[in-house]
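Chemist: Residue 3 is where the sequence shown starts when you use our numbering, and the numbers rise one by one after that.
Calculated from the structure, these hints are not laboratory results.
A virtual CB, placed ideally from N, CA and C, is assigned to each residue, including glycine.
There could be a bad hint or two in this list.
Unchecked claim - Below 20 Å or equal to it, Euclidean Cα-Cα: the simulated SDA-like pairs (lysine to any residue) are:
no., residue 1, residue 2
1, Lys153, Arg136
2, Lys8, His26
3, Lys11, Ser89
4, Lys50, Gln141
5, Lys58, Ser86
6, Lys5, Ile46
7, Lys58, Lys145
8, Lys8, Ser86
9, Lys152, Arg135
10, Lys58, Gln141
11, Lys11, Arg124
12, Lys5, Trp45
13, Lys50, Lys152
14, Lys152, Gln128
15, Lys139, Leu48
16, Lys152, Ile126
17, Lys145, Trp45
18, Lys145, Arg124
What the hints assert, rightly or not - The following label-pair restraints were derived from C-beta to C-beta distances:
no., residue 1, residue 2, range
19, Tyr36, His107, 39 to 47 Å
20, Asp97, Ile133, 22 to 30 Å
21, Tyr36, Tyr14, 36 to 44 Å
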Amino acid sequence: MKKWSKLQKELYLIIDPEIDFQIHCVAYPMRSRYGNTDLPRYWITLGKEIIFDYPKQFVSHDGGIRNYKPHGITKNYPYNNDISDISDLIREYIDTPVSEIFTKHFENDYWGLANILRAADRRIGQRRLDILRRRIKNQAAQKILEVRFKKSTVNNQENS
Numbered sequence: 003m004k005k006w007s008k009l010q011k012e013l014y015l016i017i018d019p020e021i022d023f024q025i026h027c028v029a030y031p032m033r034s035r036y037g038n039t040d041l042p043r044y045w046i047t048l049g050k051e052i053i054f055d056y057p058k059q060f061v062s063h064d065g066g067i068r069n070y071k072p073h074g075i076t077k078n079y080p081y082n083n084d085i086s087d088i089s090d091l092i093r094e095y096i097d098t099p100v101s102e103i104f105t106k107h108f109e110n111d112y113w114g115l116a117n118i119l120r121a122a123d124r125r126i127g128q129r130r131l132d133i134l135r136r137r138i139k140n141q142a143a144q145k146i147l148e149v150r151f152k153k154s155t156v157n158n159q160e161n162s
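Model the full assembly from the supplied sequences, consistent with the hints where possible.
Modeler: Written as structure tokens, this is what we have:
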């Protein structure tokens, strides 16, 4: 996995600065007499609320990773996990031309992350955000959209 701080910094450049959106990635070292590995975690906060949490929202009690991959569940978390895939998706989102962001199907988005990023993307205007709000079911993205619409309403009232 490439440097997370660089990717995070690039993502923050396109996130609406008016919302309290933060994204984090960390790998906690796990040491035992059976071996060593890292426990990866990705999480997104909106204000003080965690709205996306990998692996918590995606790993089942038997260690399988529930996601939307066409080939089913990846077993054996933390030894097999999606952290690099999530970082790759974020990189793909950042590198996508602005003209394609709203309509592009991110083929490797197995976690609903693209709609979360779209909802927070400052390059997407109010009209398209309204379309997004009516079109998606992702609860985390809906929370971001709600905050963005509230901020927009407040800003419009202040400018009147």
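Chemist: Hint by hint, which ones does this structure get wrong, listed from lowest number up?
Modeler: none
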